[in-house]
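Chains A and B supply the protein sequences, listed in that same order. When you line the first sequence up against our numbering, it's residues 897 to 1326, in that order. When you line the second sequence up against our numbering, it's residues 496 to 748, in that order.
Quick caveat, the hints were computed from the structure, so don't treat them as lab data. A portion of the hints provided could be inaccurate.
[Stated by the list, open to error] Lysine-lysine pairs mimicking DSBU-like chemistry, simulated, CA-CA at most 30 Å apart:
hint, chain 1, residue 1, chain 2, residue 2
1, B, Lys536, A, Lys1285
2, A, Lys1310, B, Lys523
3, B, Lys523, B, Lys536
4, B, Lys729, A, Lys1310
5, A, Lys1254, A, Lys1111
6, A, Lys967, A, Lys927
7, A, Lys1284, A, Lys1045
8, A, Lys1310, B, Lys536
9, A, Lys934, A, Lys962
10, B, Lys726, A, Lys1284
11, A, Lys1045, A, Lys1057
12, A, Lys967, A, Lys1111
13, A, Lys1109, A, Lys1098
14, A, Lys1080, A, Lys1098
15, A, Lys1310, B, Lys653
16, A, Lys927, A, Lys1284
17, A, Lys1057, A, Lys1104
[Claimed, not checked] Label pairs and their calculated CB-CB ranges:
hint, chain 1, residue 1, chain 2, residue 2, range
18, B, Ala539, A, Asp900, 50 to 58 Å
19, A, Thr1247, B, His528, 47 to 55 Å
20, B, Lys524, A, Leu912, 29 to 37 Å
21, A, Gly1198, B, Lys536, 46 to 54 Å
22, B, Leu531, A, Thr1244, 45 to 53 Å
[To be verified] Counterexamples of contact, computed for chain B against chain A with all Cβ distances above 12 Å:
hint, residue
23, Leu531
24, Gly553
25, Gly555
26, Lys597
27, Ala608
28, Gly609
29, Glu611
30, Met612
31, Glu663
32, Met692
33, Leu718
34, Arg723
35, Arg733
All C-beta atoms, glycine included, are put in the ideal place defined by N, C-alpha and C.
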Amino acid sequence: MSKDYTQMWSSIGLNLKAHEGLLSVLGDAYKNIYLSQKNRPRGMDYFDFVISEVHGLRIEEIVGAKESGKKVIGTFCVYVPEELVLAVDGVCIGLCAGAEVGSDEAEKYVPRNTCALIKAFLGFKLAGLCPYVELTDLIVGETTCDGKKKAYEIFDDITGKVYVMELPNMKGENGRKMWRSEIKRFADRLEALTGNEITLEKLRESSKLVNAKRKALQRLSALRAADPAPISGLDALLVNQVSFYDDPVRFTAKTNELCDELEERIKSGAGVAERGSPRVLISGSPMAIPNWKLHAIVEGSGATVVGEESCVGERNFRTLLDDGFLSVEQAIDNLSERTLTVDCACFTPNTERLDNIKEMVTRLNAGGVIHYALQFCTPYMMEAYKAKKVSDTIGVPFLRIETDYSMEDMGQLKTRVGAFLEMLQARARA
Amino acid sequence: MISAGIDIGSRYIKFVLAEDGNIIAAEKKETGHDPLGTCHKIIAQFIHKRPERIVATGYGRYLLEVHGDIHAITEIKAVAKGAKAVFSSCRTVIDIGGQDTKVISLNGDGMVAGFEMNDRCAAGTGRFLEIMARTLGFSIEEFGRLRRSNAEGDGRLKINSMCTVFAESEVVGLIARGVSRDDITAAIHDSIAGRVMSLVRRVGADEEIVFAGGCAMNESLALLLAERLQKPLKIGERPDMLAALGAALYAAG
């Protein structure tokens, strides 16, 4: 960290001692997992810097934005349209939910067998460790899964800032109608919160900005198809994680710079692994920052992760917003339609996801699929069955993992991933 | 050529010295608190045989990879290779060790085609059996000897919990109710067999099926699994050594 932020953290209301501990653990983990990687692109320097300032400079920026009258909107889900937040000059932040933090505190409110992501967002808040959540003016929840739905009620008791969007379970006509009205209701709520009107012009601006971010992430995803991969899965995952809380304009520019460098690498045949070494697609539950566990195991065992079929990954940027709208109402239509292209396992049926797994395996030239479900994340645990079936039909080996943020199953995971990679290598030789 | 395989398991370290594919020496010691030290002792014991290459496998394989510059493979690959070497028609391996249960399917060439493994806890593994045996006052050998006293039909006793901690209290509860320890033992074996079968169903069980790992020396479990599979199980002389053998064979190239 470039300077002492103690004063700022204290005024935000963080638990300084615990927070210091968190930053030191995070710093060590980052050093061991990230900085020890070989052949990293120079363009990752920016993202290393962002991580080193994750609770520093970025928080200072957000504090500044608030002082200038902007509102901070915290989210947990890619169904919440960032375009609307930016259209009221808000700051949109994906909230902290990727580390085993404050579990003891969280378990006073929720059962032990609650998914790690839910426990983490409660834990971060309860332990006083997340500056972002403290700075929010509104926290947007959504009815994706039962665990989150009920946890948001509790989170509202704790923070008094939670607003919940009702996501349908099915994408039929009724569901689409309801979701459109939910997008409209959210737009109204944002206008009321900020006093800013959502105009056609504002929406055009914000759509351009968010689409540019998505295009940069699409570009990064496409470049990972090269063999050897020009960037590690860990680094690409980090870029995706950072996309949820960095300034969108700066993030897009830096990601495009990184992609320029990766294009040069591909031209010269340079990469992060040997040509022909095992390539894996990871598919399933989101990996919120700083959850790097599975990528670190896979890449530590000699393979490269070439894609994330995940909300922190392809689901976040696969489809662009149709920005040819001529009125605010049309923009709301398009926002509603775009978000419903997201193929989350909370929908039934969810056949698009299976098509997308197939598409990603082929496009990214993945030799195997590792299905990642957070323990107690029922929608993804269940959908693993269908994901395996689709992998079988295209003849790609499939490994099902259920885990959480703790380190207690590292030995078993290393064995399972190791044996899976041995299988991929044996197939490649045969 | 002489090669060696060392399988560093959670409970025991197994060592096999092989010459042209045949076992010429074998050793087994408790893993204890200093697995690296135990490995070095075992290797020193056989170093005069001058193995040209050693390959490590098992839970502690990285210890030797890092500290001994010894190549490591997973125990899944190793046990598949060992089982295929002993039983040339092997297509499925059920391997129950100290803390893991694995079901591995092999293709016709003996390559691993798929596998399932328990997630994080030692439920239904060797460690579980040890604790249950101790709770009931049996030695591990007595515990695995066949007891068919578990009544058929509605009178059949069931252990519902597979968590070592919860199952232990369930067993303590049954003892307090005056249920005979033979019946409880039979029920424990039944429930483990049921759990293994749920992994088997995911992978499939093509013949020949080889039962490997220390728990394959438990007669009750072997019989119950064979009954449920409705297929015979092949169990070699030293099922606990198959992964170490596989590693030694892999070392031989």
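Taking the hints in turn, this is what the structure says about them:
no.: 1; hint: B:Lys536 with A:Lys1285; in the structure: violated (48 Å)
no.: 2; hint: A:Lys1310 with B:Lys523; in the structure: holds (24 Å)
no.: 3; hint: B:Lys523 with B:Lys536; in the structure: holds (11 Å)
no.: 4; hint: B:Lys729 with A:Lys1310; in the structure: holds (28 Å)
no.: 5; hint: A:Lys1254 with A:Lys1111; in the structure: holds (21 Å)
no.: 6; hint: A:Lys967 with A:Lys927; in the structure: violated (34 Å)
no.: 7; hint: A:Lys1284 with A:Lys1045; in the structure: holds (28 Å)
no.: 8; hint: A:Lys1310 with B:Lys536; in the structure: holds (26 Å)
no.: 9; hint: A:Lys934 with A:Lys962; in the structure: violated (40 Å)
no.: 10; hint: B:Lys726 with A:Lys1284; in the structure: holds (27 Å)
no.: 11; hint: A:Lys1045 with A:Lys1057; in the structure: holds (15 Å)
no.: 12; hint: A:Lys967 with A:Lys1111; in the structure: holds (26 Å)
no.: 13; hint: A:Lys1109 with A:Lys1098; in the structure: holds (17 Å)
no.: 14; hint: A:Lys1080 with A:Lys1098; in the structure: holds (16 Å)
no.: 15; hint: A:Lys1310 with B:Lys653; in the structure: violated (34 Å)
no.: 16; hint: A:Lys927 with A:Lys1284; in the structure: violated (35 Å)
no.: 17; hint: A:Lys1057 with A:Lys1104; in the structure: holds (29 Å)
no.: 18; hint: B:Ala539 with A:Asp900: 50 to 58 Å; in the structure: holds (55 Å)
no.: 19; hint: A:Thr1247 with B:His528: 47 to 55 Å; in the structure: holds (52 Å)
no.: 20; hint: B:Lys524 with A:Leu912: 29 to 37 Å; in the structure: violated (50 Å)
no.: 21; hint: A:Gly1198 with B:Lys536: 46 to 54 Å; in the structure: violated (30 Å)
no.: 22; hint: B:Leu531 with A:Thr1244: 45 to 53 Å; in the structure: holds (51 Å)
no.: 23; hint: Leu531; in the structure: holds (15 Å)
no.: 24; hint: Gly553; in the structure: violated (9 Å)
no.: 25; hint: Gly555; in the structure: violated (9 Å)
no.: 26; hint: Lys597; in the structure: violated (9 Å)
no.: 27; hint: Ala608; in the structure: violated (7 Å)
no.: 28; hint: Gly609; in the structure: violated (7 Å)
no.: 29; hint: Glu611; in the structure: violated (8 Å)
no.: 30; hint: Met612; in the structure: violated (5 Å)
no.: 31; hint: Glu663; in the structure: holds (19 Å)
no.: 32; hint: Met692; in the structure: holds (18 Å)
no.: 33; hint: Leu718; in the structure: holds (28 Å)
no.: 34; hint: Arg723; in the structure: holds (23 Å)
no.: 35; hint: Arg733; in the structure: holds (22 Å)
In this structure, the hints that do not hold are numbers 1, 6, 9, 15, 16, 20, 21, 24, 25, 26, 27, 28, 29, 30, in rising order.
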